[in-house]
Amino acid sequence: MVRVERFGPMTDELEEYYSTFDDQSAMLREGLTKLFDGHEGDAPMKLKVMQTRFVAEKSDVKVFRFYPFWHQFTAGRVRTTWGGLNGACGGYYMHGRFGGAMESDYGRQLAPDREKGFMHGWNNPTGHDHHALCCDDILALGLNGLKDRVLAAREGCTEPEKLAFYDAAAESLDVLSMLGRRFADEAKRLLETETDPAARENLARIADAASRVPMEPPKTFYEALASNVFCRECDGTLEGIGISTYGQLDRMLYPYYKRDLEAGVLTEDGAVDLIEQLLLYTAVRFQENTAPAETSTTVILGGCDADGNVVYNDLTKCFIRAELEARVANVKYDCRISKRHPKEYIEGLCSLQLAGLAMLVYLNDDTLIDSRVKHGQDVRDARLYVAGGCHEIVLGGSEVCTRADTWIGLPALFVETLRKRSYDSFDELFDAAIADVKAYHERLVSLKNAVEVHWPEYNPMPLYSTMMRGCIEKGLDVTAGGSKYASTALSMVAPANFIDSMYAVKVLCFDEKKLTIPEFLAILDKNYEGEEPLRQYILNRLPKHCGGDPAMDEFSKKVLHALSGVSGQTNGRGGKYYPAFYPHSMFIALGDHTGATPDGRKAGQPLSRGVSPSEFLTGITPAEMLRSSANFDYTEFTDSFALEMTLPKLPAENGMAILTAIVERFLDGGGSSLQFNILDTAELIEAQKNPDAHRDILVRVCGYSFYFVCLSKQLQDEVIARAKRQDR
Amino acid sequence: MKTDANVFNIQHFSLHDGPGVRTTVFLKGCDLRCAWCHNPESWDPRPVLRVYPTLCIGCGACVKVCPNAADGKTARFTDACTLCGKCAEVCYAGAVVVTGKRMSADEVFDEVFADRSLYGETGGVTFSGGEPLLQSEFLAEILAKLKENGIRTAVETAADLPFEKIEPLLGSLDLVMCDVKCVTPPLHRRGTGADNARILENLTKIAALGLPMIVRTPVIPGFNDTEIEMEKIGRFAASLGGNVKHELLPFNGLCVEKYRSMGRNWSFEGVKEPDRARLDALCAVCRKAGAPTVVQ
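For the protein sequence lines, the chains are A and B, in the order given.
Reminder that position 8 of the first sequence reads as 8 in our numbering, one-by-one numbering, no gaps.
Quick note, our numbering runs 728 ahead of the 1-based positions in the second sequence.
None of these hints come from the bench; they were simulated from the model.
Beta carbons are placed, not taken as given, at the ideal position from N, Cα and C, and that holds for glycine.
Among these hints, one or two may not hold up.
[Claimed, not checked] Where chain B lies over chain A, by a calculated footprint (3+ residues, C-beta under 8 Å):
id	stretch
1	619–625
2	638–651
3	654–661
[As the list claims (entries may be wrong)] Each pair of labels, with its calculated beta carbon distance range:
id	chain 1	residue 1	chain 2	residue 2	range
4	B	V1023	A	T267	34 to 42 Å
5	A	K513	B	H744	42 to 50 Å
6	A	R6	B	V1023	54 to 62 Å
7	B	G1018	A	V265	54 to 62 Å
8	B	L937	A	G308	49 to 57 Å
9	A	P651	B	K875	23 to 31 Å
10	B	G969	A	A652	24 to 32 Å
11	B	H744	A	E216	56 to 64 Å
12	B	T810	A	E519	31 to 39 Å
13	A	R695	B	N971	41 to 49 Å
14	B	K875	A	D668	16 to 24 Å
[Said to hold, decoys possible] Pulled from the structure, derived: some chain A residues nowhere near chain B, Cβ distances all over 12 Å:
id	residue
15	E155
16	H694
17	Q714
Here chain A stands alone, though its shape is the one from the complex (with noise of 0.2 Å):
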């Protein structure tokens, strides 16, 4: 278990309780189902509200003795899962009374694709994770104020629609507010028999804080942090979504932190102690160190305020610190960076790394702003983006996030469209391409719509709508296009493995002539039985995505650029496709069911992740990725565009050199986002043999973090074949 001395008998506390506790599911259930009874033909909205009311009047709610922060209730919510989807109550209405109609609609449909490595997701459609609330509205109104806003919005108003959603709005705020005083009566009530000093000073301290804030706005830099927790845990549970990012914490808590200084009411120690317990929290409910479960828990580090005014102090530091003493996997770091940025930043989030703490993701500041103003999003709101929970980019509290949950496996359709017809040329098997990935994306797309529409009866979310600008203003659930924005992305995953294979139907096929498509496409169907020579040809021979040649720099910069044209077309909320690239963790289940292709890739083998090369390629090194990786155009793509590499034992004291040489070549180069790794194929082997002495090795996967040892063994494979082709 993850553990940090002095918060010993806090994570000891957290421990014992979510090992054991109650979560309290079949009473709710169970209840929820009476409360139902009879109320069938009422409004989605109507019901959503009672039920939101019955699991937060119902759920015990637990204070801990020895944790600063207020928002476990039992709420259906089991250890290792968030909001979302199944994780709790919260999403008791959608499965009760849709019975899960939208997944397997969606699912049936789409089963076959699966199987051909066309497409792989969750099988729902909708938004129902990595969200983002409003922190900055919550932070400066309070639930109160929140209410207020509501009230001043519904005066006047004489739809009927839009009133039920007002009165849904207001009365979900007062059920939240109802649940956080519960907190602070349970901390008063602990506090009649507590007689252990530390305890009792904790009690106190939340018995205080839970009585004022959320509900009005806070005065301390404790109350805001508390009330930003306590609003994404509980705003999440009861909706039965997944709210992932606690937000820009640097930024928004700053004021706070520097005034409780110059109060005297706090001290830099004591903010990286809250720090520290939050992160220890996370660490322990989600059971981290031996259970491989993705938490979707992230912190934005650094960027900018609305203004573009750089965000980079001390609150940045104190987290850096935070970590560097609870060394955990989660919460996760999104770190947003960019050229206007202090070296001191970057090597700071360097220090990380170089301790051993994969569990940060660089974000460039300069492209991905830049790439949401040219598709028409307002720069202030653009520049408060935020990662939601892996690689997607949404603007923090301002737009809705529907984009974790189909990703097109590039590859298989390639392989599809060399079987369709001949092709006289191969400009015309270029465009033929690239019109069958936009075909296969309308045909997505119109399958979400269909299902999409439905969303505001599935799942109307009038609390969140509260914490999402546009929606008082509109009158609108967020789930029916309430939010400022509602664009949305079907994220393209392997152009490296989709480049590198037409390029090698290009010269096989159509420069040099050494054989026919037909007959490429036999040797895939044996899965390059038998043509070793010809496999290995493709691999030694022929230049690579993202290897250092310049005239396939040129050649990728031309498909990238077109499979930026294949979305745009208008979602079920009013909002727009944009073109995007990140991978999450299907470029493991993608390959699965991805036949041998083109580049020489056999049958089953991983695919490629965000911009970087295949992942079966050798002697492709850090300085080629980075010189290749700078000719794209990254503002084309409005989510984060990864290049990820692994990177050998760095020489001690030659390693902050090197990291921050590459953070800032990145930069140069106009990138997307970078993550990296440092693995030393020999520790993993015998981590591998030996996991027990081997537990603290942290791995950034995809968009997530875990350790080594956690992984499956297809997974820890594959991250030792990653290592083993840095070695030299």
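On the provided structure of chain A, position chain B as indicated by the hints.
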């Protein structure tokens, strides 16, 4: 630029050949024959043929193209082999390769210059070998051009050349890394086949010019891993003055594959790497003698 060079590898993103991120250019040809050498492919200035059996896919293409094949086998590693390189040309799996090629100074410059934005505030280009200073005309030209373009430069050398060959290069170098394999003359002759008087003299001269130097001592079992020799090495390193670092590089046996790939035996095959305690003890001996020694 007018010159060219025998190059056997350009290693991008090199992390162990000087400070920061570096691009290391390995030049082919060396006059020493250190028995423990890690780069046997660097000795001969001409290209060499190498074979990696584990990469072989058994396609037989090399036998078909070999002009001197006999009994269903290629002529490689036999007297009949003319080093024509045809087998490597058709070996797509990379199991047969020709190591070494002629490159012009412009070609080398372009390749290393492409990495410039990765060099940051400390990195740069390192010329290694072989003995890079044997190709001193090429070095003089390319080092000057790198300097002109603001790229930091370094060499890794054994310094067994007349000082007149070394001196003209020093003005274009930011760092000199050179070996002190041992101090005792007969020992040096036994291990490397060459005298060391000129080497030690050269190091003293370079150090006297105040150029940053890293003196490196490979710790070779059965050769210099005695306290009596390390004490001498430490004293010599200390005599070079304040701008000189001293590093002990532990022997390792990983390059046995390279010898095998060239169809050669290696006298150090199976020799164990010195353990950490022994390295620390030898390091302490050097430090006691006044050198700023660290173990790499």
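Status of the hints after comparison with the structure:
no. : hint                           : result
1   : 619–625                        : holds (count 4)
2   : 638–651                        : holds (count 3)
3   : 654–661                        : holds (count 5)
4   : B/V1023 <-> A/T267: 34 to 42 Å : holds, 41 Å
5   : A/K513 <-> B/H744: 42 to 50 Å  : holds, 45 Å
6   : A/R6 <-> B/V1023: 54 to 62 Å   : violated, 35 Å
7   : B/G1018 <-> A/V265: 54 to 62 Å : holds, 55 Å
8   : B/L937 <-> A/G308: 49 to 57 Å  : holds, 50 Å
9   : A/P651 <-> B/K875: 23 to 31 Å  : holds, 25 Å
10  : B/G969 <-> A/A652: 24 to 32 Å  : holds, 25 Å
11  : B/H744 <-> A/E216: 56 to 64 Å  : holds, 58 Å
12  : B/T810 <-> A/E519: 31 to 39 Å  : holds, 36 Å
13  : A/R695 <-> B/N971: 41 to 49 Å  : holds, 44 Å
14  : B/K875 <-> A/D668: 16 to 24 Å  : holds, 22 Å
15  : E155                           : holds, 58 Å
16  : H694                           : holds, 19 Å
17  : Q714                           : holds, 24 Å
Of the hints listed earlier, the one the structure fails to meet is number 6.
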